[in-house]
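Undergrad: Could you put together the complete structure from these sequences and hints?
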Amino acid sequence: MYPEGLKYTEQHEWARISGNRAVVGITDYAQKELGDVVFVELPAVGTTVSRHDSMAVVESVKAVSDVYAPVSGTVVEVNRALEENPELINQDPYGDGWLVVVEMADPAEAGELMDAEEYQQLVEEEGE
Amino acid sequence: MQRTPLHEEHLRLGARMINFAGWEMPVQYSGVLAEHEAVRSAAGLFDLSHMGEIEVRGPGALAFLQRVAVNDAAALSCGQVQYSLLCTPEGGIVDDILVYRRGEEEFLLVVNAANRAKDLAWLASHAGPGVELEDLTFRTALLAVQGPQAERIVRGLTDLDLGALFYYQFAEGEVAGRRVLLSRTGYTGEDGFELYLEAEEAVALWRALWAAGQPYGLKPVGLGARDTLRLEMRYPLYGNDITEETTPLEAGLGWVVKWDKGDFIGRAALERQKREGVRRRLVGLVVVERGVPRHGYTVLSPEGEPIGSVTSGSYSPTRKENIALAYVAEQYAAVGSAVAVEIRGKPVAARVVKTPFVEPRVRRKG
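Taken in order, these protein sequences are the chains called C and L.
In this text, residue positions in the first sequence follow the numbering used here: the first is 1, and each later residue adds one.
In this text, residue positions in the second sequence follow the numbering used here: the first is 129, and each later residue adds one.
In short, the hints are calculated from the structure, not lab data.
We put the beta carbon where it would ideally sit given N, CA and C, even for glycine.
Please note that the accuracy of each hint is not assured.
Derived, one-sided and incomplete: chain C residues facing chain L with beta-carbon distance under 8 angstroms [unchecked claim]: (1) D36; (2) F39; (3) E59; (4) K62; (5) V64.
TA: In structure tokens:
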């Protein structure tokens, strides 16, 4: 159900780790819960974030949702396309709907995130 | 939690259900944006059975309504509907309601679900002899078909003369073989109908409207899109834009108050406010920079001083801009005024615009 090879948080972010960089987005479950996304606020490139900090905001018609940093580090890239086309988050949450790239301060943090199976279990528990 | 007679239909259609004023209601089916678009371009089918229906009848009914509501119920002929307000002696709004005149001494009030019990108590406390009140809410279902294709969809199901029925008029007869009160009203700004009927007939009517609507692009629409549709029209939402702490004059509903009909509850306070002038007004805002205004956000002057607050705000699917209703200090209420909305601690530029945000396309007479 949830892509293997990604790491997940309890707040429904995903991170694709490669080297010391993490591409971050929100999961398919999160985008479905939110509904149609109409607004995204992204951090400035160069922003330093600590794990669990709110680093972006995703808003649907009815809800405002913080996106928390899954890992600590520096924001090195943001997905500007979302400013014009926030619906990319609904259409392709693991692809074109990515939010930011974080250069990790401590790559070991990534090991503390959930894998797909653990995340699946969390979602099932929340759904009950 | 209370369920409407259409609960199973909603689940079958994949609705996401929420608690709204103690009712389990569909908030969305396919998605708010798609549902909003369906109503603006084709048609939407709504279950509004949570709304309260209160019958007022008897020889004292008209005089009673003249006293408890601010609009002129005597101006209503049978078959007409009127938007009205119940006010407190201080001029605050107890509820906004629709008044249907079904007979000389027979009226139907349609009230907000969240206010039903409060309204009933309020009405009962002011009703004298010759006035009977009856709460019909739980035996009544309310369905709505709204959108440019609404008339075509309903036409195939009824012998009622829809051509003779204009905005804020109603007729009683059969639709899809069910006895209904068919009202050319709505909360979307589009042409369309609201259909009241006995709760046990609701599923049959829903299915008939559904089937008749499919060739015309009809979609089921939840409370999410109902809110964005009404906001684009500047229709106030009770509890957000109007409350007991706000008056009709502040809310831009002065047109509802009829001064030449005699005394009514709230009259003295409203006259005083009219004479002295209001200090704040409910206005429409469009956000100029980036950000979505939300209920409760502070409105700032260009200098950064707090001047009011947002009561409803959303992305407008039709305008593709972020819009809001907000109370602002009188001196900032003129169309064109530059203001800001504080979003997550930062001022985001906005301006006061003329409302409605989107032109209504209801079917008015003449």
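Undergrad: Taking the least C-beta to C-beta distance, is V64 (chain C) closer than 8 angstroms to chain L?
TA: Result: holds, 7 angstroms to nearest chain L Cβ.
Undergrad: When the nearest CB of chain L is found for F39 (chain C), is that gap smaller than 8 angstroms?
TA: Since the shortest Cβ distance to chain L is 5 angstroms, the answer is holds.
Undergrad: Does the nearest C-beta of chain L fall within a distance shorter than 8 angstroms of the C-beta of E59 (chain C)?
TA: Holds, because the Cβ-Cβ distance from E59 (chain C) to chain L comes to roughly 5 angstroms (cut-off 8 angstroms).
Undergrad: Return the status of the interface hint for K62 (chain C): holds when the least beta-carbon distance to chain L is below 8 angstroms, violated otherwise.
TA: At about 6 angstroms, which falls below the 8 angstroms cut-off, the nearest Cβ of chain L leaves the hint on K62 (chain C) intact, so it holds.
Undergrad: Given D36 (chain C) was flagged as interface, is its beta-carbon under 8 angstroms from a beta-carbon of chain L?
TA: Hint on D36 (chain C): holds, closest Cβ of chain L at ~4 angstroms, below 8 angstroms.
Hint compliance for this structure: no hint is broken.
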